[in-house]
Amino acid sequence: MFYNNHQRALKYILWGLYIQLLCFFGQAYSMPSNIVLSATHKSMSNAELISIYTTKKPNFHVMALEHPKRIVCTIDDSYFPENHCQKIIDSDMIKGFRLSQNTATRTRLVLDLRKENTVETAILSRKNKHLLTIKLQKAVNPDHQMHQTKPVKPFLTNDFNPDKVDNFRLEGHTISTVLDSNFDETIFDDMDPPGQKIENFLFSGSIQTRLSKDTKKDAQNENDTSLNNRSIIEAGYKNIFFLSGISDFLFFGGKNETSSHDIDLHETYFKYMGNDFYFSVGKQIKRWGKADQISFVDTLNPENLTEFIIPPYEERKIPIWMLEVGYRHKDFFIESIFIPFFKPNKFKYFGTDWAFYSHLKDDINDTNLSQPLKDYFSAIGVQEIEPEKGSDQFEYAFRIGKSINQIDLGLTYHYTTEDSPCIESFPVKNLSLNGPGVGQLLSNMESLSLTNESIIAKYLKTHIIGFEFETVVSKVGIRGEAAWKENQSLVTKSFTSTVKPTFSWILGADYTSSNDWYINLQFAHQYINDFQSDILFYDRNNFYIIGEISKNMISDWLKATVQSTYILSDTSYYLSPQIIYSYLTNLHITLGLNIFEGDQNSYFGQYTNNDQVFITAKYYF
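With numbering that gives the first Met the number 0, the residue at position 3 of the sequence shown is 2, and numbering never jumps.
Please note that the accuracy of each hint is not assured.
Stated by the list, open to error - Listed next, the in silico DSS-like pairs over lysine-lysine satisfying Cα-Cα at most 25 Å (straight line):
{"#": "1", "residue 1": "K329", "residue 2": "K347"}
{"#": "2", "residue 1": "K345", "residue 2": "K285"}
{"#": "3", "residue 1": "K329", "residue 2": "K56"}
{"#": "4", "residue 1": "K360", "residue 2": "K373"}
{"#": "5", "residue 1": "K345", "residue 2": "K499"}
{"#": "6", "residue 1": "K282", "residue 2": "K347"}
{"#": "7", "residue 1": "K55", "residue 2": "K94"}
{"#": "8", "residue 1": "K55", "residue 2": "K282"}
{"#": "9", "residue 1": "K270", "residue 2": "K401"}
{"#": "10", "residue 1": "K360", "residue 2": "K428"}
To be verified - Okay, the calculated beta carbon distance ranges per label pair:
{"#": "11", "residue 1": "F397", "residue 2": "L372", "range": "50 to 56 Å"}
{"#": "12", "residue 1": "L449", "residue 2": "Y236", "range": "54 to 60 Å"}
{"#": "13", "residue 1": "S90", "residue 2": "I333", "range": "42 to 48 Å"}
Worth flagging that the hints you see were computed from the coordinates, not collected in a lab.
Every residue, glycine too, gets a C-beta built ideally from N, C-alpha and C.
Model the full structure from these sequences, guided by the hints.
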């Protein structure tokens with residue numbers, strides 16, 4: 000139980016029932032936009048064909064693995080309503096296939112093979128109907144070996160044109176978009192999957208509930224429990240118009256209970272996709288950059304930081320109003336983005352474990368200070384100064400990229416307002432603290448000057464220039480980013496901010512083994528120009544190691560993963576081991592820990608009292 004008395008337990012239950020009723024009557028959480036409708040197998044005279052029917056053009060990757068021999072196809076940003084299916088095939092090349100919801104945003108097809116094969120892929124798209132085919136043929140070259148291959152670059156078009164076929168060769172395998180003389184074109188005659196008809200209108204959603212409990216009581220004022228219920232309902236028409244609404248309820252329990260409940264439009268936009276030209280307008284989430292967990296180039300959307308970095312990176316992103324216009328031809332693209340309204344990161348200044356100043360007011364109220372001093376600190380307010388309405392809020396962004404020798408390259412520019420505030424003034428003067436703790440403040444009370452000001456938090460303009468790349472070397476995916484930021488606000492020991500130019504870069508590699516181990520390792524460096532010694536939590540040079548290790552088990556419906564971020568500069572770290580269960584149709588259950596360690600005045604060490612165990616249940620419909 001999360002509480003030690005019946006009243007608090009009852010309160011938790013009632014809140015949970017209340018939120019579930021809200022979700023039932025119309026709010027749900029966002030789910031992947033592409034629905035996998037079915038997968039079929041067909042034997043041909045000299046080949047075998049797997050057909051996957053989807054509601055949108057799939058963004059997919061194909062790999063050939065050994066021990067045992069198999070083909071693995073993953074479709075990003077996709078959802079398989081059946082969640083998991085497995086079929087034994089008695090054919091010359093394939094033993095069987097497994098189709099499952101591998102992660103919350105990715106569908107995975109595994110073909111267990113009897114012998115070595117060459118692999119070819121094709122995509123046909125007509126209106127709102129899309130078919131991905133995987134063709135297996137007997138290997139005619141005895142030197143062909145089954146190796147992990149690079150991600151396939153699919154051929155995407157509204158009208159299939161065999162003259163535009165591109166081929167990609169790696170490690171003896173031809174992976175290509177195909178329509179050759181041996182290919183059975185009759186599979187394209189009927190684009191509707193067996194027993195199903197793709198509708199113009201799509202409706203979907205999900206409900207997610209996350210409960211957490213601190214592992215121990217180690218602070219006088221802390222939120223020892225939390226409940227987050229987030230849901231979205233989504234509706235779409237012919238991949239042209241998309242509408243969704245979000246309900247987000249967050250409750251922190253413990254000595255200082257607090258809660259919030261927001262209902263709003265989520266991603267809602269209109270888009271047009273031509274052969275080369277495309278545009279979209281509306282409330283959107285747009286991802287730039289190649290890195291995972293930490294990205295210096297992905298600066299378009301603000302984040303919801305009310306629970307710090309506990310929610311997954313994708314879940315923290317907040318959609319904003321924007322216009323995107325782009326042009327793409329073969330392996331070259333250029334896109335521009337206009338953002339008319341400013342939207343900052345979402346966070347609290349006081350009163351929660353993850354607030355900017357944590358429980359500073361409550362901690363002071365529990366000291367032996369005189370009542371007038373307690374009243375003074377309790378009355379401290381915040382005055383936020385955002386860009387004035389009109390052109391002062393406008394943001395512009397540009398991105399250009401090209402593939403050269405199987406290396407995807409991109410350059411970005413973003414003229415923006417910082418998503419986090421610059422603290423221009425703090426009412427308590429002469430502060431010199433190593434963190435938001437009360438102990439240091441009390442020991443310096445005689446030297447402090449107390450004014451009747453508010454905290455002044457201002458959002459500043461800045462320029463960000465970025466670079467990104469991605470490629471595959473042998474069996475390892477390599478990616479990286481670099482970004483120069485003209486102004487970055489950094490909090491100092493006086494609880495105000497200083498503004499410095501920064502240069503940051505990150506280099507990462509990921510590898511999937513033949514027995515389904517996934518390893519992702521990234522190294523990052525941030526350099527602060529004109530560094531000053533009173534900056535909190537940062538050095539002039541800051542080094543990070545970010546990692547993830549995961550293993551799929553029991554036919555892919557059970558997954559173990561560990562994510563971590565270690566800061567070499569101050570030796571603090573964040574660690575999150577998790578077990579993800581997905582056997583039940585449409586339901587993902589995650590059990591895990593969030594662990595923060597380090598010196599109390601280090602970046603992650605300031606949260607050492609916030610270690611927690613959590614369980615998340617997410618249901619798709």
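Hints, verified against the model:
1. K329 / K347: Measuring from Cα to Cα gives roughly 46 Å; hence the hint is violated.
2. K345 / K285: Holds, at about 18 Å.
3. K329 / K56: Between K329 and K56 the Cα gap is close to 16 Å, so the pair holds against 25 Å.
4. K360 / K373: holds, 8 Å
5. K345 / K499: Judged against 25 Å, a Cα distance of about 23 Å means the pair holds.
6. K282 / K347: Answer holds: K282 to K347 is near 24 Å, not above 25 Å.
7. K55 / K94: violated, 29 Å
8. K55 / K282: Measuring from Cα to Cα gives roughly 20 Å; hence the hint holds.
9. K270 / K401: holds, 23 Å
10. K360 / K428: holds, 16 Å
11. F397 / L372: 50 to 56 Å: holds, 52 Å
12. L449 / Y236: 54 to 60 Å: Roughly 59 Å apart at Cβ, these two residues keep to the hinted range, so it holds.
13. S90 / I333: 42 to 48 Å: holds, 45 Å
In the structure shown, a violation is registered for the earlier hints numbered 1, 7, in ascending order.
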